[in-house]
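There are 2 protein chains.
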Amino acid sequence: MLLQTPESFKSRFNVEVRVLNEVIEINKTAKTITIRNLVNNNEYIEPYDALILSPGASPFVPPIKGIKNHLTHSLRNVPDMDAIIALIDKNKPAHATVCGGGFIGLEVAEALRQRNIKVTLVEFAPQVMGPVDIEIANMLHDELEAHGVQLKLGKALQEVSECEPEDQTLTLTLDDQSKLTTNLLIMAVGVKPEVSLAVNADLEIGELGGIKVDDYMRTSDPSIYAVGDAIESPDFVTGDSMLAPLAAPANRQGRLAANVIFGAQETYKKTQVTAICKVFDLAVSSTGLNEKTLRRKAMPYEKVYVHAASHAGYYPGAHPVTLKLLFHPESGAILGAQAVGKDGVDKRIDIIAVAQRAGLSVVDLQDLELCYAPPFGSARDVVNQAGLVATNVLKGDECIFHNDHLTTLNEQQILVDVRGGNEVAKQGLIPGAINIPVDEIRSNLDKLDKQKEILVYCQVGLRGHVAACLLTNLGYKVKNMTGGFKTWQLASR
Amino acid sequence: MLLQTPESFKSRFNVEVRVLNEVIEINKTAKTITIRNLVNNNEYIEPYDALILSPGASPFVPPIKGIKNHLTHSLRNVPDMDAIIALIDKNKPAHATVCGGGFIGLEVAEALRQRNIKVTLVEFAPQVMGPVDIEIANMLHDELEAHGVQLKLGKALQEVSECEPEDQTLTLTLDDQSKLTTNLLIMAVGVKPEVSLAVNADLEIGELGGIKVDDYMRTSDPSIYAVGDAIESPDFVTGDSMLAPLAAPANRQGRLAANVIFGAQETYKKTQVTAICKVFDLAVSSTGLNEKTLRRKAMPYEKVYVHAASHAGYYPGAHPVTLKLLFHPESGAILGAQAVGKDGVDKRIDIIAVAQRAGLSVVDLQDLELCYAPPFGSARDVVNQAGLVATNVLKGDECIFHNDHLTTLNEQQILVDVRGGNEVAKQGLIPGAINIPVDEIRSNLDKLDKQKEILVYCQVGLRGHVAACLLTNLGYKVKNMTGGFKTWQLASR
Chain A
1 MLLQTPESFK SRFNVEVRVL NEVIEINKTA KTITIRNLVN NNEYIEPYDA LILSPGASPF
61 VPPIKGIKNH LTHSLRNVPD MDAIIALIDK NKPAHATVCG GGFIGLEVAE ALRQRNIKVT
121 LVEFAPQVMG PVDIEIANML HDELEAHGVQ LKLGKALQEV SECEPEDQTL TLTLDDQSKL
181 TTNLLIMAVG VKPEVSLAVN ADLEIGELGG IKVDDYMRTS DPSIYAVGDA IESPDFVTGD
241 SMLAPLAAPA NRQGRLAANV IFGAQETYKK TQVTAICKVF DLAVSSTGLN EKTLRRKAMP
301 YEKVYVHAAS HAGYYPGAHP VTLKLLFHPE SGAILGAQAV GKDGVDKRID IIAVAQRAGL
361 SVVDLQDLEL CYAPPFGSAR DVVNQAGLVA TNVLKGDECI FHNDHLTTLN EQQILVDVRG
421 GNEVAKQGLI PGAINIPVDE IRSNLDKLDK QKEILVYCQV GLRGHVAACL LTNLGYKVKN
481 MTGGFKTWQL ASR
Chain B
1 MLLQTPESFK SRFNVEVRVL NEVIEINKTA KTITIRNLVN NNEYIEPYDA LILSPGASPF
61 VPPIKGIKNH LTHSLRNVPD MDAIIALIDK NKPAHATVCG GGFIGLEVAE ALRQRNIKVT
121 LVEFAPQVMG PVDIEIANML HDELEAHGVQ LKLGKALQEV SECEPEDQTL TLTLDDQSKL
181 TTNLLIMAVG VKPEVSLAVN ADLEIGELGG IKVDDYMRTS DPSIYAVGDA IESPDFVTGD
241 SMLAPLAAPA NRQGRLAANV IFGAQETYKK TQVTAICKVF DLAVSSTGLN EKTLRRKAMP
301 YEKVYVHAAS HAGYYPGAHP VTLKLLFHPE SGAILGAQAV GKDGVDKRID IIAVAQRAGL
361 SVVDLQDLEL CYAPPFGSAR DVVNQAGLVA TNVLKGDECI FHNDHLTTLN EQQILVDVRG
421 GNEVAKQGLI PGAINIPVDE IRSNLDKLDK QKEILVYCQV GLRGHVAACL LTNLGYKVKN
481 MTGGFKTWQL ASR
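As they're listed, the protein sequences go chains A and B. Per full-length UniProt numbering, the first sequence starts with residue 1, numbered consecutively. Per full-length UniProt numbering, the second sequence starts with residue 1, numbered consecutively.
Accuracy of the hints is not assured; some may be wrong.
For chains that are exact copies, the list does not tell them apart, and a pair is met inside one copy or across any two.
[Said to hold, decoys possible] Straight-line distance between alpha carbons at most 25 Å, and here's what the computed SDA-like set of lysine to any residue pairs gives:
id : residue 1 : residue 2
1  : Lys342    : Gly317
2  : Lys10     : Asn422
3  : Lys479    : Ala264
4  : Lys10     : Gly421
5  : Lys68     : Leu474
6  : Lys395    : Ala358
7  : Lys395    : Lys447
Calculated from the structure, these hints are not laboratory results.
Can you make the complete structure from the sequences, with help from the hints?
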């Protein structure tokens with residue numbers, strides 16, 4: 001890579017690094033590996049006491065008709081990047097298409113836009129950035145479009161046809177039969193574990209296609225270890241096996257395998273899938289399980305949203321952080337969190353990731369004592385706020401509802417927008433709502449039928465909470481929409 | 001203040017706020033308070049079921065000769081600030097003196113420099129920013145001087161004399177009899193709890209001068225609660241009472257008192273003293289106990305230093321974070337942490353503050369799974385690194401020594417600088433050291449007497465660790481200096 005050379009590794013650590021030497025076979029019984037020297041094609045055998053497999057994951061390129069052409073690239077390593085840059089320098093493409101809206105797809109799209117190349121992003125799912133849920137991803141969709149990335153969501157690439165070679169142009173056909181002309185195609189639909197060596201050695205492979213390892217990073221052969229993107233690792237919340245091609249867990253796994261080989265009794269502490277991506281001016285980050293996964297696994301959960309300033313609003317440079325917190329509806333255990341915003345996103349997810357790992361519940365998030373000075377945070381930080389809101393819900397001090405309930409309003413419910421009149425004039429009401437600003441509720445109680453359920457909302461949820469408390473104290477049945485109008489807008493994009 | 005008015009509080013929360021009304025007496029038996037209307041001087045009595053005292057803390061101004069003059073101000077609230085600004089606008093002072101190098105003193109010094117006023121900072125202690133230890137504060141001293149703040153450390157103000165009134169000039173005499181001419185004097189030596197009401201009501205006052213409360217924020221009278229800067233709160237690590245005038249704990253205490261009054265069984269979760277301050281381009285932050293306090297309380301501790309990039313070094317905008325981690329030498333319990341740097345300081349202290357609160361040890365810090373993408377962090381974050389280093393020490397995998405041992409080198413020790421020759425040429429050796437770059441140790445073993453103790457150091461500690469491993473494996477007795485030359489430099493300023 002870039003940080004070390006075989007020579008530096010030798011002189012610093014006395015470790016011999018053989019580049020351009022490929023291991024082509026493992027003999028478990030003899031405890032040897034067969035290696036091919038790629039320079040002279042000679043093959044030779046080396047013995048091992050312990051063997052660590054760290055082959056990583058390779059870009060998955062689906063078998064699409066016409067996909068093999070000189071204008072289509074995937075991006076795994078520095079030579080791949082050099083090839084793409086060389087192609088850009090030579091062809092000066094006016095337009096590029098990125099297929100796949102995960103970490104790599106988004107970073108490539110941004111890099112291409114910074115070179116002033118028009119970009120279309122094609123993503124099979126209805127959203128980019130699979131680790132977060134769609135309402136969070138919708139902020140990214142806005143950001144991508146604001147920076148000139150054309151989005152084709154819920155679309156798949158079906159066929160690629162090359163025009164005349166001198167055109168340096170491809171015609172792409174999507175699964176809705178729409179066509180797209182482009183000068184560069186980056187395939188970034190995902191990665192798959194590199195398991196060929198392991199398969200050939202009859203090492204156990206998991207259901208998801210990664211090398212199976214135990215808590216000590218041992219494969220089904222006790223002398224062979226495997227680490228990194230090639231393995232399946234246990235999910236922190238469920239313990240289920242999963243593929244998590246992330247640098248930080250790979251780092252921990254490599255270190256652990258070495259320690260175990262030298263006699264340590266340490267075990268791997270599972271993977272939370274804490275991740276972050278820069279998308280133009282936004283950061284998006286998550287840890288733990290998302291709502292899609294919780295639904296798929298039919299796990300009980302509740303969720304709250306907070307939109308709060310990254311630091312004290314009166315100090316320059318504050319930006320809203322949108323935080324979604326998922327938790328167990330009875331125990332309050334932290335199941336997952338997602339955040340998006342221009343500033344302070346990494347910090348909030350890190351804080352929650354530590355809390356989750358330590359076994360804290362959402363109740364504990366209220367009392368976390370975090371750095372506060374106006375340039376850095378608030379006396380009641382975004383994370384504290386999320387903890388307060390979740391605790392209110394957990395303890396039954398506040399009933400909440402979610403924006404998706406708004407599609408099933410009935411006659412026995414009154415939807416009340418408690419924002420100020422000027423906000424409503426600017427942004428409009430949610431269909432079916434009446435507007436009574438929070439500060440005017442006490443003088444407008446005649447408009448609220450005590451027999452009905454009152455559903456309140458404000459811009460982000462805080463004034464809705466105040467309104468809900470007020471009305472609950474007066475004997476009304478009230479629910480507050482968590483995350484308010486802003487969350488509804490994000491979810492309704 | 002700025003965020004609410006009596007009217008907004010009334011309409012939003014139906015809470016009556018009476019400004020310009022001072023409570024002058026509490027009658028505990030009758031459960032009444034006597035209030036003076038400061039507009040018409042009328043006194044009247046109100047009953048209470050529960051009473052919450054939140055009088056805060058006021059600036060402590062020592063009884064220095066001549067201190068009462070129109071050019072001397074302290075800064076507690078917005079009117080104080082307005083008065084200082086008015087004086088600056090009127091007098092256009094060329095020079096200001098700030099007495100006290102805590103949060104307020106440092107922020108005022110920075111604000112004055114931004115108005116291009118020359119500033120001298122006088123601090124009685126040998127360092128600014130008491131919550132951190134001196135080697136960390138030394139980075140602030142450099143930063144302050146680099147921004148034109150003249151430092152008078154270890155000095156106290158002894159006398160103030162006013163020149164002719166039309167001069168708008170004060171002459172300050174310090175305790176070393178040096179004199180200083182200044183046009184504005186800001187007194188920011190500290191705050192003391194406002195306890196006069198509580199004292200007159202015979203409520204129990206703690207040894208440190210704050211109102212004594214229990215875990216429910218109740219004073220010695222069960223119907224009277226007290227919160228905020230006026231109280232003593234229990235230290236998270238030791239449980240000892242202390243004064244911690246911080247916004248975030250005050251926020252939690254106020255909320256808790258209200259909940260308890262309404263029947264909640266919650267208790268206060270102690271104060272870690274997590275704090276942060278911006279000092280020009282640096283942030284300095286800490287949580288838990290510092291080394292000064294650990295020494296004073298004669299508590300066992302070990303410490304490690306890490307200097308690591310705020311995010312991946314190859315991505316623009318990375319700056320070193322200097323992190324000091326204090327822990328129990330047997331259990332590995334996190335006792336405290338301090339960090340200073342241009343970027344990512346708040347995040348690292350928040351992470352450690354959560355870990356400390358959750359009862360994690362330094363061993364757990366290794367495996368925290370934090371956000372990683374090059375703009376935000378490293379695959380092995382600063383906090384992970386500190387955890388790895390501390391764990392090595394805790395488990396006896398590495399012996400370390402501290403820079404203060406360098407004053408007591410003996411004949412049976414060899415001090416080896418393992419940095420590269422060019423670094424040594426630029427920065428010099430620590431007196432008494434020989435230079436053997438880490439990558440050349442294996443070929444220079446003849447220079448190292450196996451009978452002696454080898455003390456190695458590098459720039460920040462990492463190559464020293466590699467050298468220590470290498471030599472330990474070869475049978476040498478080796479210790480590595482934690483934090484390396486950089487920490488030694490900071491400590492030796």
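So, going through the hints one by one against the coordinates:
Proximity of Lys342 and Gly317 under a CA criterion of 25 Å is satisfied in both settings, with 10 Å inside one chain copy and 16 Å between copies. Taking the shortest alpha-carbon separations for Lys10 and Asn422, only the inter-copy value of 21 Å comes in at or below 25 Å, while the best intra-copy value is 69 Å. Proximity of Lys479 and Ala264 under a CA criterion of 25 Å is satisfied inter-copy only: 22 Å between copies versus 53 Å inside one chain copy. In this assembly of identical chains, the alpha carbons of Lys10 and Gly421 lie at most 25 Å apart only when taken from different copies (19 Å versus 70 Å within one copy).
In the homo-oligomer, the alpha carbons of Lys68 and Leu474 never lie at most 25 Å apart, since the shortest distance is 69 Å inside one protomer and 54 Å across protomers. For a Cα distance limit of 25 Å, the shortest separation of Lys395 from Ala358 qualifies both inside one copy, at 22 Å, and across copies, at 21 Å. In this assembly of identical chains, the alpha carbons of Lys395 and Lys447 never lie at most 25 Å apart, being 29 Å within a copy and 69 Å across copies at closest.
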